[in-house]
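A.B. asks: Chain by chain, the residues run as shown.
2 protein chains.
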Amino acid sequence: MNQVNIKEILTQYTSEVNSVLKEIMNIEKNALAPGLVKAMKYSLFSGGKRLRPILTLMVAEMLDGDRDSALRVGASIELVHTYSLIHDDLPSMDDDDFRRGKPSNHKVFGTATAILAGDALLTFAFNILSKLNLPPDKVLKIIEVISQGAGHNGMVGGQVLDLEAEDKEISLEELKKIHSGKTGALFKSSILAGAYCANPDRTELTALERYARYLGLTFQIVDDILDVTGNEEVLGKRVGRDDELNKATYPRLLGLKQAVKEAEFNAEKARDSLGPFGERAFLLKQLVDYILVRQS
Amino acid sequence: MNQVNIKEILTQYTSEVNSVLKEIMNIEKNALAPGLVKAMKYSLFSGGKRLRPILTLMVAEMLDGDRDSALRVGASIELVHTYSLIHDDLPSMDDDDFRRGKPSNHKVFGTATAILAGDALLTFAFNILSKLNLPPDKVLKIIEVISQGAGHNGMVGGQVLDLEAEDKEISLEELKKIHSGKTGALFKSSILAGAYCANPDRTELTALERYARYLGLTFQIVDDILDVTGNEEVLGKRVGRDDELNKATYPRLLGLKQAVKEAEFNAEKARDSLGPFGERAFLLKQLVDYILVRQS
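Protein chains in written order, with numbering that gives the first Met the number 0: chain L, 0 to 295; chain Z, 0 to 295.
There could be a bad hint or two in this list.
Chain copies aren't distinguished; within one or between two, either way the pair holds.
Dumping the calculated SDA-like pairs for lysine to any residue here, alpha-carbon to alpha-carbon at most 25 Å [to be verified]:
id, residue 1, residue 2
1, 28, 164
2, 37, 168
3, 40, 96
4, 175, 206
Read the hints as simulated data drawn from the structure, not as lab findings.
Model the full assembly from the supplied sequences, consistent with the hints where possible.
C.D. replies: Next up, the structure:
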């Protein structure tokens with residue numbers, strides 16, 4: 000299977016995730032605050048690649064898990080991811096006016112509603128999860144790994160470190176810590192939550208945790224590189240933003256060439272982590288390459 | 000038992016809730032972002048009455064539920080309540096510089112960290128809940144009622160309506176809708192979550208839902224009244240703030256005298272709702288009176 004095929008498969012998966020998201024977000028009827036629902040949907044349906052839900056789905060499939068539940072779990076994680084983007088773009092945070100080629104949530108709905116739309120998306124994610132059609136103990140593990148990855152020792156903690164690091168000289172170790180929180184933690188949650196849609200054993204969970212760590216790093220390094228070399232139209236956001244905010248990035252700390260090497264190194268590690276799954280990990284391996292060479 | 004005794008009992012319960020909160024929030028060690036943990040704890044330990052956790056605990060006790068779990072459930076709800084206060088106080092929302100007699104979270108830590116501290120508290124609440132020592136199906140019901148009450152058709156939805164209503168003439172019906180979302184929904188979650196720490200039947204759940212509705216209204220009307228008649232030092236915040244923000248309130252719509260009557264009427268309804276529990280509901284009835292005559 001070549002690069003063209005993984006793209007086709009991803010397009011198919013993205014479309015499935017979008018269908019489930021549409022079904023979940025069919026909440027206009029009797030909504031207490033219709034304006035809030037509008038703001039929630041604006042950011043959720045602005046053309047994301049749905050990478051996290053796809054990870055959940057691919058892992059669940061690889062382990063012969065419950066596919067329908069995995070789609071709902073993945074959709075919930077996309078709600079969490081979307082909330083984090085809305086809050087990250089706020090004037091008091093990264094102050095980004097555009098996201099995926101469209102005005103940011105707060106530019107359209109105002110700061111107050113944007114904050115609340117984020118809050119509501121995060122809360123709704125856990126509501127969807129609480130009603131999954133899986134054994135209750137599995138559901139609780141899924142809620143645990145998602146709330147862990149999204150919380151103070153994961154995504155939110157990483158964002159705080161990121162803000163604290165602005166205008167500061169930081170080391171590569173510190174940069175890795177920021178990214179492992181900001182991006183890596185929810186990647187890990189997506190992958191482990193997919194596993195809990197099946198019956199993973201200890202060895203499988205350990206291998207998947209390693210995969211998550213290296214895939215997250217690959218993703219973030221490429222993200223940093225694209226902020227330097229990317230095409231604004233393809234990216235849907237302004238490039239050079241990290242530099243403007245005086246943010247530490249891989250290209251800044253290592254130079255562009257070495258940053259690319261670092262991304263390739265982590266991609267190799269991610270692929271290696273999948274050893275225990277053999278041929279079954281075919282798609283997850285292809286996904287590493289896709290993330291490595293992506294243009295947006 | 001007289002009014003003095005309920006105050007003593009509440010002091011005792013508050014102290015128990017605070018102990019569990021302290022244990023839960025003992026997360027400094029190995030924290031990814033120590034500054035974030037500091038901001039979370041600042042607002043959480045600024046002297047709240049812990050009314051919502053106390054409701055959870057009293058309901059669980061009345062139904063012979065698991066007391067230790069009820070304390071942890073209540074503590075999680077207090078995390079959710081605290082996050083909502085932090086976000087409500089933000090410059091783009093109610094723009095309050097003081098809360099419980101201390102500078103608001105964003106005045107101390109800045110807007111970005113305040114938003115993230117709120118996000119982290121909300122997320123951590125679900126993490127604590129996912130690890131409760133109760134049957135998994137009960138835990139999922141608890142997560143469901145809390146995420147429902149805190150979300151777009153509950154607390155967050157109510158806050159959006161509240162912001163939309165500023166500088167507008169609204170009806171009493173619309174005001175009730177705002178309050179049922181903003182305050183009532185999480186009261187209801189606290190009460191039902193307490194019930195799910197036991198084995199509630201349909202009749203009990205229906206009675207508790209009625210109790211929650213009327214107690215929430217009583218609480219909010221008294222809150223509005225205190226913003227007119229209260230003592231700033233006892234309240235720990237400025238009075239007259241609703242008027243400044245041109246907010247619809249019960250005293251504004253009904254006049255002060257009629258607003259007091261409305262509070263008494265709802266308190267009576269709340270007490271009546273507890274009929275099915277007979278003598279067992281003694282404390283929950285006393286709590287209605289406490290909320291009605293409170294000074295802060």
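A.B. asks: Under a CA distance limit of 25 Å, which applies to residue 28 and residue 164: within one copy, between copies, both, or neither?
C.D. replies: Between copies only: 21 Å across chains, 44 Å inside a chain, cut-off 25 Å.
A.B. asks: Since the copies are identical, ignore which copy is meant and state whether residue 175 and residue 206 lie within 25 Å (CA to CA) inside a copy, between copies, both or neither.
C.D. replies: within (20 Å within a copy, 53 Å between copies)
A.B. asks: Which holds for residue 37 with residue 168 at a C-alpha limit of 25 Å: within a copy, between copies, both or neither?
C.D. replies: between (40 Å within a copy, 23 Å between copies)
A.B. asks: Checking residue 40 and residue 96: alpha-carbon separation at most 25 Å within a copy, between copies, both or neither?
C.D. replies: within (18 Å within a copy, 32 Å between copies)
When the structure is compared with the earlier hints, no violation turns up for any of them.
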